[in-house]
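J.: Given next are the chains, with one letter for each unit.
Protein chains: 2
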Amino acid sequence: MNKDVPDIVIARLPIYLRTLNLLLEDGKEITSSQELGSILGISPAQIRKDLSHFGEFGKQGTGYNIKYLISQLRKILHVDREWDMILIGAGALGHAMAHYPGFREQGFNIVAVFDNDPSKIGQEWSNLVVRDAKEMEQFVAEKGIRIAILAVPARAAQAVADRLVKAGIKAILNYAPTIIQVPEGVIVEHIDPIAHLQYMTYYLE
Amino acid sequence: MNKDVPDIVIARLPIYLRTLNLLLEDGKEITSSQELGSILGISPAQIRKDLSHFGEFGKQGTGYNIKYLISQLRKILHVDREWDMILIGAGALGHAMAHYPGFREQGFNIVAVFDNDPSKIGQEWSNLVVRDAKEMEQFVAEKGIRIAILAVPARAAQAVADRLVKAGIKAILNYAPTIIQVPEGVIVEHIDPIAHLQYMTYYLE
Numbered sequence: 608m609n610k611d612v613p614d615i616v617i618a619r620l621p622i623y624l625r626t627l628n629l630l631l632e633d634g635k636e637i638t639s640s641q642e643l644g645s646i647l648g649i650s651p652a653q654i655r656k657d658l659s660h661f662g663e664f665g666k667q668g669t670g671y672n673i674k675y676l677i678s679q680l681r682k683i684l685h686v687d688r689e690w691d692m693i694l695i696g697a698g699a700l701g702h703a704m705a706h707y708p709g710f711r712e713q714g715f716n717i718v719a720v721f722d723n724d725p726s727k728i729g730q731e732w733s734n735l736v737v738r739d740a741k742e743m744e745q746f747v748a749e750k751g752i753r754i755a756i757l758a759v760p761a762r763a764a765q766a767v768a769d770r771l772v773k774a775g776i777k778a779i780l781n782y783a784p785t786i787i788q789v790p791e792g793v794i795v796e797h798i799d800p801i802a803h804l805q806y807m808t809y810y811l812e
Numbered sequence: 608m609n610k611d612v613p614d615i616v617i618a619r620l621p622i623y624l625r626t627l628n629l630l631l632e633d634g635k636e637i638t639s640s641q642e643l644g645s646i647l648g649i650s651p652a653q654i655r656k657d658l659s660h661f662g663e664f665g666k667q668g669t670g671y672n673i674k675y676l677i678s679q680l681r682k683i684l685h686v687d688r689e690w691d692m693i694l695i696g697a698g699a700l701g702h703a704m705a706h707y708p709g710f711r712e713q714g715f716n717i718v719a720v721f722d723n724d725p726s727k728i729g730q731e732w733s734n735l736v737v738r739d740a741k742e743m744e745q746f747v748a749e750k751g752i753r754i755a756i757l758a759v760p761a762r763a764a765q766a767v768a769d770r771l772v773k774a775g776i777k778a779i780l781n782y783a784p785t786i787i788q789v790p791e792g793v794i795v796e797h798i799d800p801i802a803h804l805q806y807m808t809y810y811l812e
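Residue numbers (my numbering), protein chains in the order written: chain G, 608 to 812; chain S, 608 to 812.
Honestly, I wouldn't trust all of these hints.
What the hints assert, rightly or not - Here are the simulated DMTMM-like pairs of lysine to aspartate or glutamate, each with C-alpha atoms no more than 25 Å apart in a straight line:
1) Lys656(G) <-> Glu642(S)
2) Lys773(S) <-> Glu712(G)
3) Lys656(S) <-> Glu749(G)
4) Lys727(S) <-> Glu731(G)
5) Lys674(S) <-> Glu812(G)
6) Lys656(G) <-> Asp691(G)
7) Lys666(G) <-> Asp691(G)
8) Lys682(G) <-> Glu731(G)
9) Lys635(S) <-> Asp614(S)
Read the hints as simulated data drawn from the structure, not as lab findings.
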């Protein structure tokens, strides 16, 4: 495997994986870079080039075997296993995420929720209990958790992220509407609906 | 203004705008491509090149006036005005979004919520009432709404999107975990936490 694949290529692999899963659900067995490209609005050449970083997944003219390509992409992205995650923030958004079945369906399990609000600590959410944020570091260390979802107010985000990183978290999905700084070796992905809206309004007159 | 600015450049402008707003909140008046770059992990040269598509925003060596650059970026992105939006889907995620103050703070107002579940229609959410999805098209047409947030199950997303587009919606923020197809002239942005998680696990061993 080529270790120097550009980040932007890696970012497209989950999109290909999702599309392949949808095609499989539709009962398809074979697809092509043309078909994927037309669904996604990406050129077939780009898709072939992206995939070529990781090997040969189809023969010229015969297309891709969907199940095989899915299994290969899952291995490449390290989602051929399950990942445990913690969720920080038991507000409305945290509540929605803890109850969203899509994470677990894709192998991402929220195994604990933390908040520092005494009125929330102890609440029972399906099979989770909201825990005191003071216990966060110990939980991360003991369970070897690597991934955290941050759903706290903007003003609290950096301090919580610092604590998470110190405890051993390596990947943060940040829903807080602010930029958080992390040391090298830790990745942050920002879920930023405002940025998406502002991108779209550029194209609206 | 150059009308042929690459999409990827436009997608970075909201990120610059957010960063500038954070600097302004911190009491700063002047910034530089170096400072923005180090906060964002983007090269200063890239930032200067991105901004140069739209004019001259700073003099060599004196940096950018933050307030001025914010006002210019707001104009460029068409967020120097308010936008009304509708929200489709009154589940847990829709509920969290309707109560999220960040949209309104940034000039994006959710003015109506629609669902087709009789147990949800009529619910009062702060200053909103959940409306019957049957009334969706008429509302969009009468109020001239251009932006919709889609928080419906994956299996319903395409049909709802088709109805929205027919009624006049031009921009869809899609939270449904599926790909939706729209005709040219309509933009979809997909909020896809699973894709972000799978991107991050690539870098975790």
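J.: Compare the structure with each hint and give your call.
T.: Here's how the hints hold up against the structure:
1. Lys656(G) <-> Glu642(S): With Cα atoms ~34 Å apart, lysine 656(G) and glutamate 642(S) exceed 25 Å; violated.
2. Lys773(S) <-> Glu712(G): With Cα atoms ~32 Å apart, lysine 773(S) and glutamate 712(G) exceed 25 Å; violated.
3. Lys656(S) <-> Glu749(G): Judged against 25 Å, a Cα distance of about 46 Å means the pair is violated.
4. Lys727(S) <-> Glu731(G): Judged against 25 Å, a Cα distance of about 23 Å means the pair holds.
5. Lys674(S) <-> Glu812(G): holds, 24 Å
6. Lys656(G) <-> Asp691(G): violated, 32 Å
7. Lys666(G) <-> Asp691(G): violated, 37 Å
8. Lys682(G) <-> Glu731(G): Answer violated: lysine 682(G) to glutamate 731(G) is near 35 Å, above 25 Å.
9. Lys635(S) <-> Asp614(S): violated, 29 Å
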